[in-house]
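> As a plain string of letters, each chain reads:
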Amino acid sequence: GQQVMQIPQYQHVQEGEDFTTYCNSSTTLSNIQWYKQRPGGHPVFLIQLVKSGEVKKQKRLTFQFGEAKKNSSLHITATQTTDVGTYFCAGKGAAGNKLTFGGGTRVLVKP
Amino acid sequence: DTEVTQTPKHLVMGMTNKKSLKCEQHMGHRAMYWYKQKAKKPPELMFVYSYEKLSINESVPSRFSPECPNSSLLNLHLHALQPEDSALYLCASSLTGTARDEQFFGPGTRLTVL
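Residue numbers (this note's numbering), protein chains in the order written: chain W, 2 to 112; chain U, 530 to 643.
In case anyone wonders, no lab produced these hints; they're calculated from the structure.
Cβ coordinates follow ideal geometry from the N, Cα and C atoms, glycine included.
It is possible that part of the hints are untrue.
What the hints assert, rightly or not - Between beta-carbon pairs, the in silico distance windows are: (1) U:Gly557 / W:Val45: 14 to 22 angstroms; (2) U:Gly543 / W:Pro112: 24 to 32 angstroms; (3) W:Pro40 / U:Val541: 41 to 49 angstroms; (4) U:Pro590 / W:Pro40: 28 to 36 angstroms; (5) W:Pro9 / U:Thr625: 32 to 40 angstroms; (6) W:Gln81 / U:Thr641: 46 to 54 angstroms.
Could you put together the complete structure from these sequences and hints?
Structure below.
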């Protein structure tokens with residue numbers, strides 16, 4: 002079945018620094034979504050990417066969908082303490098109608 | 530109203546108990562979902578209702594029984610659970626139930642099975 006993997010599992014970042022988290026699928030995806038879950042909270046939708054090579058920005062967050070639609074990345078610039086949480090990617094394969102979540106990247110920010 | 534509500538927030542039950550989790554949304558969404566999330570793991574899809582019909586059942590044990598009385602309400606009936614069923618149960622809703630919909634999650638019910 003479809004597998005979605007995220008690396009790294011954990012990301013310790015100094016406040017003000019940049020970092021990138023990666024999402025890789027075993028199959029071609031028709032779309033990919035990113036969610037953020039704060040500690041003790043619930044997943045909150047951030048963005049959806051649909052087109053090959055698509056890049057979208059939300060303030061300090063940049064999301065990219067790979068040309069082959071098998072990977073995606075989330076880049077955060079000038080990390081702030083409000084960026085703490087777990088970032089999940091979730092993708093839909095060619096078959097079926099459900100999202101498969103990656104394992105998540107847990108982000109910890111050092112002030 | 531862009532909120533999904535879930536009750537109760539916390540639930541402790543014995544293995545012989547019967548309990549229900551409730552979820553409600555008033556965004557006019559026609560799809561509702563149940564997810565199970567263990568600590569430090571991603572949400573794991575259990576059931577999807579689309580237009581009040583069960584469209585996806587991810588081979589969930591029969592001790593979990595979903596019910597969708599109408600498009601705004603979703604219940605999860607629990608019976609004879611095991612301690613390994615202890616987890617955060619998340620409800621979500623989306624516009625129509627396609628995998629391109631943005632999903633709106635509720636705050637979850639933290640379930641402990643003794």
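> Check the structure against each numbered hint from earlier and tell me which ones fail, lowest number first.
Of the numbered hints, 2, 3 and 6 do not hold.
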